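Chemist: Chains as they are written, first to last, in our numbering: chain A, 3 to 246; chain B, 83 to 432.
Since the hints were derived computationally from the structure, they do not count as laboratory data.
Because the structure is a prediction, the values reported are computed rather than measured.
It cannot be assumed that every hint is accurate.
[To be verified] Examples of chain B residues lying across from chain A (beta carbon under 7 Å, computed):
hint, residue
1, ALA140
2, TYR146
3, ALA151
4, ALA282
5, LYS283
[What the hints assert, rightly or not] Restricting the straight-line Cα-Cα distance to at most 20 Å, the calculated cross-link-like pairs of lysine to aspartate or glutamate (EDC-like) are:
hint, chain 1, residue 1, chain 2, residue 2
6, B, LYS306, B, GLU318
7, B, LYS286, A, ASP85
8, B, LYS286, A, ASP11
9, B, LYS283, A, ASP6
10, B, LYS286, A, ASP35
11, A, LYS9, B, ASP296
12, B, LYS283, A, ASP85
13, B, LYS428, B, ASP328
14, A, LYS226, A, GLU216
15, B, LYS286, A, ASP6
16, B, LYS275, A, ASP85
17, B, LYS313, B, ASP214
18, B, LYS356, B, GLU426
19, A, LYS141, A, GLU216
20, B, LYS275, B, GLU237
21, A, LYS184, A, ASP35
22, B, LYS208, B, GLU169
23, A, LYS161, B, GLU136
24, B, LYS283, A, ASP35
25, B, LYS356, B, GLU322
For every residue, glycine included, the Cβ atom is placed at its ideal position computed from N, Cα and C.
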Amino acid sequence: MFKDLIKLDRLPTSWCPGCGLGQIMIQLAMVMDGLGLNHTNSTVISGVGCTGRLAGYMNVDGIYTLHGRTLPVAEAVKLVSPDLKVIVVSGDGDLASIGGNHLLHAARRNPDLTVLCNNNNVYGLTGGQAGPTTPRNTKTVSTPAGATYDPVNLQNLMKAGARYFYAKTTVYHQLHLRNCIKEAIAWPGFAFVDITCHCIENNGRRLGFNSAYEMLQHFRRTYKRAPDGAETLGPDEIGIVRQG
Amino acid sequence: MGKVLMAGNDAMAEAAICAGCRSYFGYPITPQNELLEYMSAHMPKAGGVFIQAESEVAAINMCYGASAAGARTMTSSSSPGISLKTEGISYIAGADLPCVIINVVRGGPGLGNIAPAQGDYFQATKGGGHGDYRMIVLAPATIPESIELVMLAFELADRYRVPVMVLADGMLGQMMEPVVLPEHIDPATLPVKPWAITGAKGRKPNLITSFFLDPVELSEINVKRQARYQKIEEREVRYEEHETADATVVVAAFGSVARIARTAVRMARNEGIKLGLLRPITLWPFPYAPLRALSQRVDVILTVEMNAGQMVEDVRLAVAERAKTPFYGELGGLVPSPRDILREVKRYAS
Ligand SMILES: Cc1ncc(C[n+]2csc(CCOP(=O)(O)OP(=O)(O)O)c2C)c(N)n1
Ligand code: SF4
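Chain B on its own, in the form it takes in the complex (with noise of 0.2 Å):
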């Protein structure tokens, strides 16, 4: 297939279809309104199911219902949404079904405004929802690696019985790339969910839930869905170095500020500033053992967000004291130029 322009919402929309995903649930919201709409339109022609949702609510449980009869279902929405959806995520997670949830973020908190932003790291990748459960989180700063990322979060979903989050922006979100479609799945092809709600024949009847009355039961269950997170984390961290081998000062960023900085990583070469750019890629498991390794050979790792400082909670945790941590931010929906993050860059490069 040829290269298409098309923009980013419209992208992770296609790349559900391609990845086998039949049943989508939304809810309108700005800066993820195309997504929604092109389901509406597509999601029908490929044979699946499409609702717009009274509420992001009756949405993710729509994705719990479908998830349970076994199919791939996904959900999308941005921040405000999502704070929405988190109750359906900890029930989904507690009754181990796949489900892919994408996130536009947008400005917050509360209503906050439709600009990119990066405010729910926190929400993402430590929880949100409650209870202990983990949910895979995967930041593409492309539209292209949005594609790959959307078809990953579905493999990953299935293999591990776990929610997925992609986390794009705004920009991402809204911004348009030409990109190269992916062959599509069938979804006859994909292997069978032995514990989907389907009908019992020939097996005994499956319940689907997250409801463990007895202590004893409820932490057995609890054990192994925390193996599960250990084998994900052993497996699945997923990161980019750029420009690493001989740098002494590294940005540390996700999304589309490691695209912004990627030009920065250029400019500051140009004017002979050893940077370079570590960006995690799933964002939980985080790469805490790059970044501790590149830790123990650069002199700083400037950890650059459009929050006031989420993700560098994590480095610095990978860190330690072995290198400077320094952090600049972004808020408001307000996004760093190349040029601002280099001006930090040179606080800190000798």
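Isolated chain A, as found in the complex (with noise of 0.2 Å):
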């Protein structure tokens, strides 16, 4: 059963209600129960920040790391220890704006991880500030005028390498999110799942948005899935560009 793979003793959660968190924890722990991965052979290994909290909740050995040193963590982990299968779950401030450099490094090493990144466009732990996903424009309690720069583009920094594997999904999709995870748990390198989600709280409400469901009715009308064998996801497509 996949409700194994939760420690339901820890329920209900810290995030807020209609937080999208919840569906990435399920849908992970669903793909899991699938593949026959549980407290026996898997870790997952969180940052810091309000996705850095899932670690703690997934029934099976767990570390939480620094704010944004995720990735250098959980590669020495699978080094050490190459049986356990070893999946990150973090946020993207965490993974791109202070562990840049480390998303960067780790993926040009390589290593067997399965990275899932909570894509909510702002700093949702600590209120909703402007992060490095953030559209230009957008405004948020630090950038009050609207964000300044352009985001990072995610897929472009993966694809930089000779091999890679990205995924763009989002929460509302779930079944495309559900085998986005499992794929990249099947690549036996770095994966790297890129999961548009809706901070409701930090960032959906001053965005105009009333309800969580009407940020996900916002996914559904957004993003496409992408054409079969397309080497490039455009700005609205999901779907996975892989190079082994």
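Two chains, two separate frames, one set of hints: put the complex together.
Modeler: As structure tokens, then:
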């Protein structure tokens, strides 16, 4: 049962009602369950942030790392214990801003890690400040006049290397999300799953969404599946690009 | 095994392998580079893992991961790189993880220079990183002792689940001496770590963390850790006294300076000056009690360091007003000679 992979006695989680992180956790648990991954053979490692709490809710050996340092920690675990399936779940701020240098180099070294990036466009935990993925001109608590810079292009970053696995999906597209996680786990190298997710409380409401449901509907309307075999995903496309 | 001639950096790297360390993560910085280079060649041969990380930050966090996974692990650097590692060291201490860190200290602050110095004493012994944590700090004075203390560092780190730093300096890292290498410890024979991330077969899942939102819980964990620190203070103080039995003046010095001071003691004795030496080997826990005892029978305890006066604060804490506690320091990577030390001693020897 996938529920065995979640510490039910730790529920309710600290996440806001309606937050997409619960979906990410459930989909991860379902995929792990389906693949026979559990407490005996897997570890979930997370950084710091709302997403960072995830490792503590999973019923497997886990590590809370330092903010931004999730990847070096996970890479060393994998090196020392190659038989363990190592799954990283962390925020876009954690992975792409403070941990950006580690992201470049972990991708380059290509260890067998599955990385789920909760991409909610902001620093959720600290109150919704702009982050590396915030679209230009977006108003946040730290960009009152609108975000000044263009966001990082995670796809391009990941595709910079000779070998890569980059999946883009959303929490609305649950089957797609589940499939991306499954494929990422099966990938024998560094697999990055960029999951567009809604932070309703510290981002969505300020953008004019009244509920998590409205944000999910927005994802439904915005994102389309990329054509099979696409080598590059368009800005509003979900899919997987990879090169072994 | 017979004697071999080895440079300090190589010897410390080999000592780690002897201690059963099979994971090393580093980043180049002079005067520590040879340690990383030695590991790059010898760690894989020993069946271990080596990564030249993208930064010192990455390297210490790789140690966090390797240690969490139950492995003996080490990183090394020199002063500026250690500053970058301090965040990770605080978390390693906060998550009760064993880890060995070697600092081949160079001149500072800032980029400073690559000459030997002792300006990182405060950083090593008084924190560096944030929060209420301690790190055992071992200060070798010779290369054979560097080997011994690296071996000890792994043992203490595992025994108390704390980070342990070996505080060397550029001179100890670069200089060569004949050494006898110790027997290799087979990592498979080391005690199992039931708290580690190994796959939760037949036990509840473990969570490695330093994060406890509930103040009561964090307080309890901190109190427990402090109790462990107290045990370390009671059991692990190490120091050396040399010619102190009849001394009227004693030099307090650690590391390379203590070695130089030994020569000054011999020169002083030849001139009829009753000079002794007290050399802390553990900088934390600091040998307060032996210094206090010494201060009851000598007139002067002269602290000599390659910094502007850091360990002297601990010496004064131990001695209080029982003896004079002057200080002599060389800065910027300058190394005091035995003659320099003797000259200072003569200002106080009656
Ligand atoms: C060194 C350090 N700097 C800052 C923080 C404060 N902090 C905690 S979480 C976070 C950002 C979280 O954003 P993200 O990684 O996107 O995760 P989310 O909360 O959105 O899931 C920050 C800045 C910290 N814990 N450590
Ligand atoms: S602040 Fe945002 S990301 Fe964090 S739990 Fe709430 S909705 Fe989720």
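Chemist: With a cut-off of 7 Å on the beta carbons, see whether B/TYR146 makes it to chain A.
Modeler: 5 Å, holds
Chemist: Regarding the pair B/LYS356 and B/GLU426, is the alpha-carbon distance no greater than 20 Å?
Modeler: 14 Å, holds
Chemist: Given the hint that B/LYS313 pairs with B/ASP214, does the C-alpha gap stay at or below 20 Å?
Modeler: 16 Å, holds
Chemist: Run the distance test for B/LYS283 versus A/ASP85: straight-line Cα separation, threshold 20 Å.
Modeler: 13 Å, holds
Chemist: If you draw a straight line from the CA of B/LYS283 to the CA of A/ASP6, is it 20 Å or shorter?
Modeler: Cα-Cα ~15 Å, so holds.
Chemist: Does B/LYS286 pair with A/ASP11 here, judged by a C-alpha cut-off of 20 Å?
Modeler: 14 Å, holds
Chemist: Decide if the proposed pair is consistent with the structure: B/LYS286 and A/ASP6, CA atoms, cutoff 20 Å inclusive.
Modeler: Holds, at roughly 12 Å.
Chemist: Are the Cα positions of A/LYS9 and B/ASP296 separated by 20 Å at most?
Modeler: Between A/LYS9 and B/ASP296 the Cα gap is close to 19 Å, so the pair holds against 20 Å.
Chemist: Going by Cβ atoms only, is B/LYS283 closer than 7 Å to chain A?
Modeler: 5 Å, holds
Chemist: Run the distance test for B/LYS275 versus A/ASP85: straight-line Cα separation, threshold 20 Å.
Modeler: 17 Å, holds
Chemist: Measure nothing beyond the straight line between the CA atoms of A/LYS141 and A/GLU216; if it is 20 Å or shorter, mark the hint as holding.
Modeler: 18 Å, holds
Chemist: What's the verdict on B/LYS428 and B/ASP328, does the C-alpha distance respect the 20 Å limit or exceed it?
Modeler: 17 Å, holds
The earlier numbered hints are all upheld by this structure, with none contradicted.
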